[in-house]
Each structure stands twice: as structure tokens, then as C-alpha cells.
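For chain A, the structure is supplied; the task is to place chain B on it using the hints.
Chains A and B are the protein sequences, given in the same order.
Those letters in the first sequence? Residues 1 to 225, per this note's numbering, in order.
Those letters in the second sequence? Residues 1001 to 1264, per this note's numbering, in order.
To be clear, the hints were calculated from the coordinates, so they are not data collected in a lab.
From a predicted model like this one, the values you see are computed outputs, not experimental measurements.
A hint or two may mislead.
[Stated by the list, open to error] One side of the interface only, derived from the structure: several residues of chain A facing chain B at Cβ under 10 Å:
no.: 1; residue: V37
no.: 2; residue: A38
no.: 3; residue: T40
no.: 4; residue: I42
no.: 5; residue: F43
no.: 6; residue: Y46
no.: 7; residue: R47
no.: 8; residue: G56
no.: 9; residue: G166
no.: 10; residue: T167
no.: 11; residue: V172
no.: 12; residue: P175
no.: 13; residue: S178
no.: 14; residue: L188
no.: 15; residue: A189
no.: 16; residue: N221
We treat Cβ as the ideally placed atom computed from N, Cα and C, and that holds for glycine.
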Amino acid sequence: MDVSSADMYTGGIIGMILSAGPMAKAVMVILFFFSIVAWTIIFMKYRQYSRTEAEGDRFFRAVKDADSFKKLISVYRDSQDNAFYRLVLAAYKEVTSRQKDNPGRIHKDDMPGIENMLRVAISDESAKLERRLSFLATVANTAPFIGLFGTVWGIMDSFREIGVRGTTSLAVVAPGISEALIATALGLATAIPAVLAYNYFLGRLKRILSRMENATIYLINILDK
Amino acid sequence: MSEETWYKMLAVSLALHIIVLGAFSIPIKWGSSRKIDLSSAYSVNLVGSAGNLGGGSGGPKVAAQSKPEPKPDKPAPAVKEKKVPPSKKPQPIQKEDDAVSISKKKAPPKNKATREEVDRLEERIKNIRKKTDYIDVAKAGSGGSGKGTGTGAGMGLPGSGGGSGAPLDPAMQKYLLDIYEKIKNAWNVPGMAQKKDLETIITIKLRKDGRIVDVNIEKRSGNRVYDESVLRVLRAVEPLPPIPSSLNTDSLEIGFRFLPGGLS
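So here's chain A without its partners, still in its complex pose (with noise of 0.2 Å):
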């Protein structure tokens, strides 16, 4: 330790966390990465499901809308690629497979077919709406015993200070702890976030799902007329 380690202690939060000790500094470069990934989970997220929800509006307000099959189709021609497009996609491939043989009306013995298509397609999409969303529930798990073993891990070397100096002076031993703290700090404020977002996110994409539910439905009942 020389001057330029009490001018970095001077530095706030960020001089505290360059003058800790290596196992301190590789429990929070973990927890930085992981703060990072999660966050960038959460703006994914919350674009992903802005976008689905408004696709919904937007199917709900077409399904009403169109009195035919065709109709639907027409309107969803043009459309960019999403969720309920996927699942309007679906139902088309389906019934134009079973038309092709006797063209014209759909049969009543060919709805259930189209139904399991939609549902599998349903499934499809919650598992593309789910996915990397375990991500942040694990982050919210781990993230504070991560930044635990970093403090717990701290807080020994301050001990073991304690032993080599002789002296159980609370100045020579605070500095290590108030170090050793940053790593809780650190994972808890890495968790917190993870875990609204995942709640949040599980809230909505529960919403999602029962509209493509409710969408399957419009859809067969529109395929039925």
C-alpha cells in the first residue's frame, strides 16, 4: 500500500471496491457480469412483451372485425413476424394442408386437428416468451449468497488481520468489513431488480398467454362459420 491506495480509498463506492482483495474483486466482477446479463434480459423482456401485447390489441381488434377466415388471412398478409401472426400462420398451413384434397368447406371432423396445431403453436410461442426468463429467477437466487461468500470471505481475512496485527483496534478491523460489505451490497442490489422483473414478467406473460388462449378460440370459432 502506498499514497495512491488511501487516494483510492477517497473514491466512493468504486475506490472501496478496487481496494478490496481478489476474492472480493472476482465476487463482484461475477456479480457485475450477472447485473449486466440480467438487465439486459429485462429490456429484452419488456420489448418482447410490449410487442406481443400490441399484437394481441391488434389481432383482437382484426378477429372482430373480419366475418371470414380470408378475411383475417388478408389483413395478416403483410404482417412482420410475431406471435399471433405465428398462430394465424399456423391455423392457415393447417387448414390449407386439409384443403387440398376436397377444396371448399372445412369439415367438422378436421377441427380438432387444426386445434391441437394452434395449441402446439401456443406452446411454441410461451416457450419463446419463457425463455432466458429462468435466467433472472436464478440471478435473484444466487446473487445474494454469491455477495455473502464474498463478505464472509472478507470479514475472515479482517480476522485473520486482527491476528497477524495483534491489535483488535475497530480501526484497523472496520476497514476490511466495510469492504467486505460491498460484495452483500453488491449482490443485493444485483437481486432486487432481478427478482421485480421476474415477478413482473411472469404476471405478464400469464397475460399473453391466456389471450393467445382466448385468440385460438376466436380463431376456431372463425374457422367454423
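Frame of chain A, contents of chain B only:
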């Protein structure tokens, strides 16, 4: 979700983290950037050993030192209202209020001292222990040059001291100066402390090998970062040079007074 947005979101997330980290560090960084290098302007003020008071007739040793402005809460008056009139003191430079002395704790008064004197001495010793055992590591304009003469004057005084407390001998002076020099050079005043009237008083206990075995904060400045910087520097300078064997002492207690400097 397409891949291009993945990267976009990663960039957004990175930016967010950098902003948050920056928010934590910027105000303090800004302060430190205005830091002035004080190392060349520091002075260490020495006041003679309190141990010398033992004899009752011992003159107070007030180190000569130049200090830009005297502090209001000086503990030194206790030292100064001694029997020896100030005019007798061979001080080449104006005497230093903020300064400090090194205490040798035992100073049994001689029998020839009157009752009154004993009482007074005890009180004084108490005072001195409490308040004046400090070395000033403050900034002073002409500190660098004043130091040598200051300690010289301090030494010259105790000639009349009849007590058992040993006066500061040259080896001690030299040793203490080394320590102050080391601490002073290692200490960087935190940037935000520049304009504040902060004072941290610390006593440390040294082992023979120069290890600090105890750090005692006598007075906190009230500013955490400032206090920490002081504690940091004490940790940073360890181990201090070993106590010279010529001093015949196993441990030594030294007080320091950390002032941000006369910038206010």
C-alpha cells in the same frame, strides 16, 4: 426475439451500469481532481516531551514552529502557563499552539515540590495527556524549514528539568521526525476536506519493531472519509522504522493531529 435486439439491449444495459457506477463515483472524483498536493507544504510540529514536567521546575518545551493561523481550540495553553515565562524560551520562531508533544507517561514529582505544585502538576499532566500529546501534521507555509529549528529549541529547554522523565534526546527527536516525515508523505488529504475545518486526533502505540499495536482515535473529525484517510495512512506506513535501541524503550505512544491544512 431477434438477435439484433439482443445486442442492442446488452448495450443499453451496459450503459445503465456505467451510469450507475459513475453516479457513485463522480462527485467524489470531482473533488479529488481538485486535490492539491500538500506534501511539500506539510510541517510536523513538535512540542517537547511532557515527561519533563515531572521535576516541577521543568520548563515547558514548546517547539518553535511556524503555523499560518492558530486554531481556536488549542489545548496548548495548559502547557504554556508554566512557570517559565514565555520570554525566556529560546524560540526562534513563533511558538506553535496546535502542536504537540510526545508523552512519557510516568513523571512522579520530586519531593521538594510543594503540595501546590504537585496538584498543579497532576492537573497539568492530565490535561496534557488528554489534549496535547499530539503531533501536528498540518500544513504550514514554511513548515519544511522551520522543523529543524523547532525541534532544536524544544530540546534546549528541559535543561532545568529535575524530574525523572527523560527529556527528548536527539535520537528520539530524530526517530520521531522520521515517523512524521513518513506519515506526512504518505498522507493525501481527501479532496473534499480541503475547505473544511476538520481535525482528527489519533494516538498510536508502537512496538519495538515499529509495528503499530494500537490505534486510538481520540477525536473524530466528524467526516468519515477524512477519518478513514487518516486510518488508511497509518496502515499504509506500517511498519514504521523500529524504535532505536538507544532509547531503551519497548513501546512508544505517539499522538497525531491531522488537519487538512490552513486552506480555509
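Interface hint compliance - V172(A) to chain B, C-beta minimum distance less than 10 Å: holds, 6 Å
R47(A) as chain B interface residue, shortest Cβ-Cβ below 10 Å: holds, 7 Å
Hint validity - F43(A) Cβ closer than 10 Å to any chain B Cβ: holds, 4 Å
Restraint satisfaction for V37(A) [CB to CB of chain B, less than 10 Å]: holds, 8 Å
Status of the T40(A) interface restraint (C-beta, 10 Å, chain B): holds, 4 Å
Interface hint compliance - I42(A) to chain B, C-beta minimum distance less than 10 Å: holds, 8 Å
G166(A) as an interface hint toward chain B, with CB separation required under 10 Å: Interface hint status for G166(A): holds (6 Å vs cutoff 10 Å).
Given hint L188(A) near chain B, where the shortest CB pair must fall under 10 Å: violated, 14 Å
Interface restraint verdict for P175(A) against chain B (beta-carbon cut-off 10 Å): With Cβ-Cβ at 7 Å, under 10 Å, it holds.
Given hint N221(A) near chain B, where the shortest CB pair must fall under 10 Å: Violated - the Cβ of N221(A) stays beyond 10 Å from chain B, reaching only about 30 Å at its closest.
Y46(A) as an interface hint toward chain B, with CB separation required under 10 Å: Y46(A) check passes; min Cβ-Cβ to chain B is 9 Å, inside 10 Å.
Agreement of hint G56(A) with chain B interface, Cβ distance less than 10 Å: violated, 16 Å
The structure shown violates the earlier hints numbered 8, 14 and 16.
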